[in-house]
Structure formats: structure tokens, C-alpha cells
Amino acid sequence: MKKIFYFLPLVILAILAIYLIMGLGRNPQDLPSVLINKPVPAFELAPIKGQTKGLSNLDLLGQVTLVNIFGSWCEACRLEHDLLMKISKNNLVPIYGIDWQEPNNLVGPRWLKRLGNPYTLVGDDPKSRGAIAFGVTKAPESFVIDKNGVIRFKHTGRITENTWNNTVWPIIKDLRKQ
Amino acid sequence: MTPAFFRSSCLVIALLILFPFNTNAVDPSEILRNPTLEKRARHISKDLRCLVCQNQSIDDSDAPLARDLRLLVRERLIQGDTDNEVFDYVVSRYGDFVLLRPPVKAVTAILWLGPAIFVLIGFIGLLRYFRRQTADENSEDQNK
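Those sequence lines, one after another, are chains C and R.
Each residue of the first sequence is one higher than the one before, starting from 1 at the first, in my numbering.
Each residue of the second sequence is one higher than the one before, starting from 179 at the first, in my numbering.
Treat the hints loosely; a few may be bogus.
[Stated by the list, open to error] Pairs of lysine-lysine residues, derived as DSS-like cross-links and limited to a Cα-Cα distance of at most 25 Å, are as follows:
no.: 1; chain 1: C; residue 1: Lys86; chain 2: C; residue 2: Lys49
no.: 2; chain 1: C; residue 1: Lys127; chain 2: C; residue 2: Lys86
no.: 3; chain 1: C; residue 1: Lys147; chain 2: C; residue 2: Lys113
no.: 4; chain 1: R; residue 1: Lys224; chain 2: C; residue 2: Lys138
no.: 5; chain 1: C; residue 1: Lys127; chain 2: R; residue 2: Lys217
no.: 6; chain 1: C; residue 1: Lys113; chain 2: C; residue 2: Lys49
no.: 7; chain 1: R; residue 1: Lys217; chain 2: C; residue 2: Lys38
no.: 8; chain 1: C; residue 1: Lys154; chain 2: C; residue 2: Lys177
no.: 9; chain 1: C; residue 1: Lys154; chain 2: C; residue 2: Lys89
no.: 10; chain 1: C; residue 1: Lys127; chain 2: R; residue 2: Lys224
no.: 11; chain 1: C; residue 1: Lys177; chain 2: C; residue 2: Lys49
[To be verified] Over the 10 Å line for every Cβ pair with chain C, so calculated as not near, a few chain R residues:
no.: 12; residue: Thr180
no.: 13; residue: Ser207
no.: 14; residue: Val230
[To be verified] Output of the computed footprint for chain R on chain C, the stretches with three or more beta carbons under 8 Å from beta carbons of chain R:
no.: 15; segment: 117-130
no.: 16; segment: 133-146
Because the hints were derived from the structure by calculation, they are not lab data.
For glycine and all other residues, C-beta sits at the position ideal for the given N, C-alpha and C.
Using the sequences and the hints given, assemble the complete structure.
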């Protein structure tokens, strides 16, 4: 009976090792958002140069919307851009943009002029106030907001054709039914 | 090595030890005029994780997001927030992960109590081991 006691440390170590090994496979950058099912925190951003209206949390009421945090400096945003253009051309869902941490107020508008502007409204976010409201750590990040202005889904990183078809678009269609 | 060179080298080393380089990332332009508020801001910043470079506090990090969070902390303090209100503000957006000192909760209990439990287990084991040894010695004495 006492012999079993000797194996206890080994058993504890094994359990610990299993947990730690499982932890190795996880991406520490992939944080669960605490904002899911919470209303969008209040924020107000000025328009980007050349536009008259900025973006605030009040613009995200009344319909299901997609909020996208991007920056002209961000490679993955460039890759994501074509898909966003396609979504906006087909009028699938209004996309609201947060133009995050541009080095100056010219590069963002220039980027959108060159590649096309898929956003209904864009807020200029040089001081990260919009990004912090959404708990963003890196661009691009996208959020699905329901018609009551509640955050229902977060996607970290670029939305690929695949994620759009299999995850984001079904969620949007689902929320519209509610 | 000339004695003069040796002496000046010693002086430089001594000065470096006495006045180490400032290792925080706070830019002089960020510093608040009110020294008490600034002190509180520094204190809060040291406990908030930089989410870009996750093992640094926002006080240490040069990442742009860390800078913007430092400025936000200072702005909230000027608006009259207590330290806890500032922490709550950031935690409500980024979650507990942003705190470098995880809060004591049911899910973090093992984190806080774990080490103490292991020390206790080790101590009990040690106690049993010594008890048995003295018992063995006693029985050996009796055999003589």
C-alpha cells in the first residue's frame, strides 16, 4: 500500500507534463476576447483626411456590421483587402474601418485610394483609442457586431476566403435572423 | 595600463553602477507635470502587460501600442480615476491577461496555491523520512 505513495510524485509530474505539452501548441497571441457578448465600448474617432465623417460606437447600431482594424503598414491587411472589397461590392455587410497607427495622416487615405475603399466609414486612430476599445493587439482584427451594438464575434488576423465562407458569413446571416 | 587610465576606468565603472541606465520606455514628453499622478501612472504601467511583446510591461516596452496605453493610463488618472478604475478599464477590454500580477480567482487558485501545496507535500515527505530514520536508529540501538 505504501509503495503506491512513492509513485505519486511521478503521477503528478505526468499530469503536469500533459498540461504543459498541451500549452506548447497554443498560440499566446490568440487571446480570448473578454468583449464577446458585450456592447462596443464608447469610442469616437475623427475622419481620415479627405472624408467628412469619422467613426464612433453609435454608428454601429441598427444593423449587423463588420468592424475591421487595419493599417497601411500592415502586410496581412493588404492581403485581406481584396476580400473586403469583394464583400463591399456585393453589399454583403457594411464594413466599418479603424485606420490604426498610421505614421502620418496621408498614408491611410492614399492606401485606400490606391486599393479601393471597402469601408462605409473609417475612423482615424493614431492614438489607438479605437483599437484599445476593441482590445486589439495587432492588425488586422475583425469584429461582428449585432444590431444592438453588441460584439458577437472576433477574428484575429486576416480573414481568408475560407474563414469568411465557413465562419464569419454564417454568423452574420444567423445574427440577421434574430 | 597606466595608473591614470586605470583610475578613470574605475571611475566610469563606479558611476555606471551608481547611476544605471534608465531602462524604462517612458518618453520624457509623456511624463505628467503632477509628480504624484506620474508616480501612480508609473506604478500602474509596471503591472500592465504589453500585448505586443508579452513578457514586458507597458512601462518597459517601446511598442507603439504600449506607448498609447501609457498615455491612456495617464489620461484616465488626470480625469480622476482611481488606480483600480484604471486597471478595470484596461481589463474590461483586454481581459485578465493584461495584468502581470494575475488576480486571485477560482481559476487562478492553483497558480497561487500550487507552490505552497508542493512545499507542504515536500515537507511532509521529509518529516516522514526523518521520523522513520530515527525509528530505525532506535531499533538498531535496541539490537545491540
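For each hint, the structure was consulted:
no.	hint	result
1	C:Lys86 x C:Lys49	holds, 24 Å
2	C:Lys127 x C:Lys86	violated, 29 Å
3	C:Lys147 x C:Lys113	violated, 29 Å
4	R:Lys224 x C:Lys138	holds, 21 Å
5	C:Lys127 x R:Lys217	holds, 22 Å
6	C:Lys113 x C:Lys49	holds, 11 Å
7	R:Lys217 x C:Lys38	violated, 33 Å
8	C:Lys154 x C:Lys177	holds, 19 Å
9	C:Lys154 x C:Lys89	holds, 23 Å
10	C:Lys127 x R:Lys224	holds, 20 Å
11	C:Lys177 x C:Lys49	violated, 37 Å
12	Thr180	holds, 50 Å
13	Ser207	holds, 14 Å
14	Val230	violated, 6 Å
15	117-130	holds (count 3)
16	133-146	holds (count 5)
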